[in-house]
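K.L.:
Here are the chains, one letter per residue:
There are 2 protein chains.
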Amino acid sequence: MHQTFDAAIEMNLLHANQRGAEHNRTHFDRWGITCINLMSSPGAGKTQLLERTLEGLRDLKIAVIEGDMTTELDADRLRQYGVPVIAINTGRSCHLDSKMVAGGIHQLEQGHTPTELDLVVVENVGNLVCPAEFEVGEHAKVALLSITEGEDKPLKYPVMFREADCLLITKTDLAPHLEVDLDRIEANVRQINPNVVIFRVSAKSGDGLADWFDWIHKTVTNQANRLTAHSMATQSPV
Amino acid sequence: MHQTFDAAIEMNLLHANQRGAEHNRTHFDRWGITCINLMSSPGAGKTQLLERTLEGLRDLKIAVIEGDMTTELDADRLRQYGVPVIAINTGRSCHLDSKMVAGGIHQLEQGHTPTELDLVVVENVGNLVCPAEFEVGEHAKVALLSITEGEDKPLKYPVMFREADCLLITKTDLAPHLEVDLDRIEANVRQINPNVVIFRVSAKSGDGLADWFDWIHKTVTNQANRLTAHSMATQSPV
Chain A
105 MHQTFDAAIE MNLLHANQRG AEHNRTHFDR WGITCINLMS SPGAGKTQLL ERTLEGLRDL
165 KIAVIEGDMT TELDADRLRQ YGVPVIAINT GRSCHLDSKM VAGGIHQLEQ GHTPTELDLV
225 VVENVGNLVC PAEFEVGEHA KVALLSITEG EDKPLKYPVM FREADCLLIT KTDLAPHLEV
285 DLDRIEANVR QINPNVVIFR VSAKSGDGLA DWFDWIHKTV TNQANRLTAH SMATQSPV
Chain B
105 MHQTFDAAIE MNLLHANQRG AEHNRTHFDR WGITCINLMS SPGAGKTQLL ERTLEGLRDL
165 KIAVIEGDMT TELDADRLRQ YGVPVIAINT GRSCHLDSKM VAGGIHQLEQ GHTPTELDLV
225 VVENVGNLVC PAEFEVGEHA KVALLSITEG EDKPLKYPVM FREADCLLIT KTDLAPHLEV
285 DLDRIEANVR QINPNVVIFR VSAKSGDGLA DWFDWIHKTV TNQANRLTAH SMATQSPV
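Line by line, the protein sequences give chains A and B. Take 105 as the starting number for the first sequence in our numbering and just add one per residue. Take 105 as the starting number for the second sequence in our numbering and just add one per residue.
Calculated from the structure, these hints are not laboratory results. Hints are not guaranteed to be accurate.
A pair holds if it fits inside one copy or across any two, identical chains being indistinguishable in the list.
Calculated pairs, EDC-like style, for lysine to aspartate or glutamate (alpha carbon to alpha carbon, straight line, at most 20 angstroms) [said to hold, decoys possible]:
1) K308 - E267
2) K203 - E114
3) K308 - D256
4) K203 - E126
5) K165 - D318
6) K322 - D285
7) K308 - E213
8) K165 - D287
9) K308 - D318
10) K308 - D269
11) K322 - E220
12) K165 - D311
The shape of chain A in the complex, shown without the other chains:
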């Protein structure tokens, strides 16, 4: 967040974004879609994780909304897995906001029947700061932290780690080549967010991916159950 401007303008910006996020979430709920927002520093491995996820979760119908400042490099990588991928170029903007994602949802609607989808993954712009403050209509926030980034990052960039529902500690295959203490990373994360679900994964070796896939399945099931319960409650006679 840029804080050089007036506090009232800043609040208006965040409120407008929040309204847009709720609007997007209403759409997802109506279609029975679970949406997760994938966030991290550049190069923490979001796209590679998504590649492994699209390979590993063939039982789910998945679409991707792919945010990048420029290029469709990541979108093109993911299109090879035969899923709908909507690319959003943010230009100079350092994060996706709810309005941009609304545009992505609209594009998705043009070419596909949204009710056939189970899961939309939003891959955010690589930035460990700003995306955490701009909800896009997701049901869960997933943060990635590569072990090459250092143990202190949860303490130095607390907003992202506080907001995350699930944290993936990535590139664990590189641990033998680094002086890094993975338990220390987890302890630092827990200091900021005691309840976050944490998995250690390597998209390269496959270690830990099964737990991550389980978490996605559970999140999608919980979301479906919540919607069914809500629907029954609103339809039952008074």
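Based on these hints, arrange chain B on the given structure of chain A.
P.N.:
Then chain B, alone, in the frame of chain A:
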């Protein structure tokens, strides 16, 4: 940059920041100080590089203005090298701006005689997007890109790479453990910024650091010569 708000407000914000940056630069010039702005993703190795730089350049009088969202972890690491370190916590803000750095300069003035310094290094908040758009009064911008971040980053985050005067490709000691082509990284950087000076360095092994130290010496000398020439021009009789 957050682009959700009004374009006029955005321009005002950037113009106000630019005026502040010029003000800071005037101070640096008056004191004969060269200022460089160190920027990268979180975990690309800015602080470790600075540690090696403070060890390696004992002939220069250096101070550091250290930007972090929270904590003084990095500032404390650098204080061990016996140089003045001013810590600036940016709170929710994703970059240092010229006003924050002005505050840092003011603090530096309180405890030290600025004319005795040769170099002020501003270590920015870890963010590959926003810091590139907010000058702080520096004479040169230095960007770091860790080889763990992937070859495509210069294309995906062009603003930072376009703005950089010098690019350090860091953590080269990890190359044997990664599938990464360093020539490809350089080619991608050159596509965005043909004239940038590029060094491949490892703060861990020391490889390439001598070239980086030479570049700093040259930058400090050029800056001193520029100021002397300017001073002679304005003092010579008409």
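K.L.:
Now tell me if each hint is right for this structure.
P.N.:
Hint check results:
1. K308 - E267: neither (27 angstroms within a copy, 33 angstroms between copies)
2. K203 - E114: both (16 angstroms within a copy, 18 angstroms between copies)
3. K308 - D256: between (24 angstroms within a copy, 18 angstroms between copies)
4. K203 - E126: within (11 angstroms within a copy, 35 angstroms between copies)
5. K165 - D318: Cα proximity of K165 and D318: one copy only (15 angstroms, versus 55 angstroms across).
6. K322 - D285: neither (29 angstroms within a copy, 39 angstroms between copies)
7. K308 - E213: neither (33 angstroms within a copy, 50 angstroms between copies)
8. K165 - D287: Classified as neither; 35 angstroms inside a copy, 38 angstroms across copies.
9. K308 - D318: within (18 angstroms within a copy, 38 angstroms between copies)
10. K308 - D269: neither (24 angstroms within a copy, 34 angstroms between copies)
11. K322 - E220: The answer is within: 18 angstroms in one copy meets 20 angstroms, while 62 angstroms across copies does not.
12. K165 - D311: neither (24 angstroms within a copy, 48 angstroms between copies)
The structure does not agree with the numbered hints 1, 6, 7, 8, 10 and 12 stated previously, though it agrees with the rest.
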